[in-house]
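Engineer: Residue-level listing of the chains:
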Amino acid sequence: MSRALISARNLSIRFGGVVAADGVDLDVFEGENLAIIGPNGAGKTTFLNITTGYLRPQAGTVSYLGKDITALPPREITRLGIARAFQIPQLFLDQTVLENMLIAAAAQSGRISLVRPLHESPGRGEMEALLDLVGVRAYADRKAFELPEGQRKLVDIALALALKPKVLLMDEPTSGVASSEKLGVMDILTRALATQKVSSVFVEHDMDMVERYAHRVAVWSSGRIQIVGPPAEVLADADVRARVIGI
Amino acid sequence: MPRATLAARLAIVAAIALAVALPIVMPSWATLITLILAKGIVVLGIIILLQAGQVSFGHAMFFGVGAYAVAFWGKYVGTGDLLLFLVVAPAAATLLGLLVGLFVVRYREIFFGMLNLAFSMVLWSLLEKMFHYTNGADGIRVARPTLAGLAFTPETFQYVLVYLTLGLVLIVAYGVQRYLDSPSGHMLRAIKSNETRLEYLGVSARRVLLVGYVISAFLGGLGGALVAVAQQIATPEFAYWTKSGEFVFIAILGGVANAAGAFAGSAVFEFVRFFAAAKLANAWQLILGVVLIAIIMFAPGGLIGLFRRDATETRR
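If you read the protein sequences in the order shown, they are chains A and B.
Quick note on numbering that gives the first Met the number 0: the first sequence kicks off at 0 and runs consecutively.
Quick note on numbering that gives the first Met the number 0: the second sequence kicks off at 0 and runs consecutively.
Treat the hints as calculated values from the structure; they're not laboratory data.
Just to be clear, a hint being listed does not mean it is correct.
What the hints assert, rightly or not - Derived lysine to aspartate or glutamate pairs resembling DMTMM-like cross-links, with alpha carbons at most 20 Å apart:
no.: 1; chain 1: A; residue 1: K142; chain 2: A; residue 2: D207
no.: 2; chain 1: B; residue 1: K191; chain 2: A; residue 2: E145
no.: 3; chain 1: A; residue 1: K165; chain 2: A; residue 2: E29
no.: 4; chain 1: A; residue 1: K163; chain 2: A; residue 2: D24
no.: 5; chain 1: A; residue 1: K196; chain 2: A; residue 2: E29
no.: 6; chain 1: A; residue 1: K142; chain 2: B; residue 2: E194
no.: 7; chain 1: A; residue 1: K66; chain 2: A; residue 2: D24
no.: 8; chain 1: B; residue 1: K191; chain 2: A; residue 2: E29
no.: 9; chain 1: A; residue 1: K142; chain 2: B; residue 2: E236
no.: 10; chain 1: B; residue 1: K128; chain 2: B; residue 2: E194
no.: 11; chain 1: A; residue 1: K196; chain 2: A; residue 2: D131
no.: 12; chain 1: A; residue 1: K66; chain 2: A; residue 2: D93
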């Protein structure tokens, strides 16, 4: 088996009476697409928030390539190579889509110029290609707030990819994308992840997506991981079918 | 940044031509023009912070430090040279900007504004109370400096000062506009629209804001030195909170979308004050108040907003 990039051990956190993580152990391996499924409120997004440093667990650790990252803020974790796309797209709404991307490119390069115009950034061609890849190149010169939700979602993912991460964490990547386009988007996305050798974790509600694109799937339930394994095996599990999929 | 429209370019050229011509045509206005330009430099700093959505109600502290750097030099060192002042004063303000900035960039919005106010009031109190060093509320007189070793008569010096200030304005306005269009400038705007995403791009929002803050402090010090030389005095009023409010007022009046707004606002502000004060004695604030209400209601982009096409038209 390939090496673990992210290793979560015994993560626990509670918000008042709600247990959002209760002894979560999970590894994310190099080269895999790991799906996270489970009912609302099971702690899926909380796991992403802890992994990216947005929340600090009350117990447990997260390590990345053996380095403890539990106490690091999001920006440092991002710089190590863990990028995130959000359930509700997080864009710079007053700037154009291309400007959003060029800001990400400047952030990624680590050289943030004080004088060279953003529009003349060296990464421009690469960023336009990324927008092309996720299919929103046509919106490049539009202000982000003008975009429909589905397109914003794709720009949000493109922003994360612009950071050239080792791991991409996505929270419901295709929610908000028109259902007729979901498969197309995920096809493109998983191909891009494979060619750029990016491992991914994605929270998903659509079992077709999980079956089609995940190498492994982890089922969340009340802050715990109920079962982890290949989709065919996990989705056939009677308990999972009853409680998560609702068949 | 949308490209400047033809009308905007013509307006900028006309404004520069006016600034060159007016002191010759109306010699009595030379100092007024100097004040407009020098305060515009300070307001550039306010505009930088407003990109990040942050309003400083204490920016006059840097204006005051710039002015007192010049005044103290005259009082303790001797007659100075204007070129030296233009290095020493902004340097002092930059240093203070870095120290205060390290603290205030941790806060946002009302907390940012009030903390700046608090720092500026500490400075103002020191200037008022440390009478032995500062002459208290009377302030310190600033002797006419030389320029590159050359001494001038008062008549000539006002021309020297206004054209030197105009030259500096062209340099700093260009520099600030470059900065606003750069990745750093765009990241300032990103703090306003989505700080969380900025952090998730691996960028320290505090660091981005600190850079902007220090630049704005530099500009405050430069403007303060020029005003102290033009008015030949530095008083604690330079650092008082009403002065800070005035700079914010001018920024909103002129428009915060680009560097030109600082000077458009400053020109209108000073001219209204100059003429209204002569004719209406104590009512000039009333006129400015009405002007600002009209601007906010009918031209939220400020005076320069009147020259910019709608954003959808200027798209590249």
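Engineer: Now tell me if each hint is right for this structure.
Structural biologist: Quick rundown of the hints versus the structure:
1. A:K142 / A:D207: This hinted pair is violated, its Cα atoms lying about 33 Å apart.
2. B:K191 / A:E145: Holds, because 18 Å separates the two Cα atoms, which is no more than 20 Å.
3. A:K165 / A:E29: 8 Å, holds
4. A:K163 / A:D24: 26 Å, violated
5. A:K196 / A:E29: 8 Å, holds
6. A:K142 / B:E194: 17 Å, holds
7. A:K66 / A:D24: It holds: about 16 Å lies between the C-alpha atoms, which stays within 20 Å.
8. B:K191 / A:E29: 36 Å, violated
9. A:K142 / B:E236: Distance of about 43 Å is beyond 20 Å: violated.
10. B:K128 / B:E194: 40 Å, violated
11. A:K196 / A:D131: The hint holds at about 19 Å.
12. A:K66 / A:D93: 37 Å, violated
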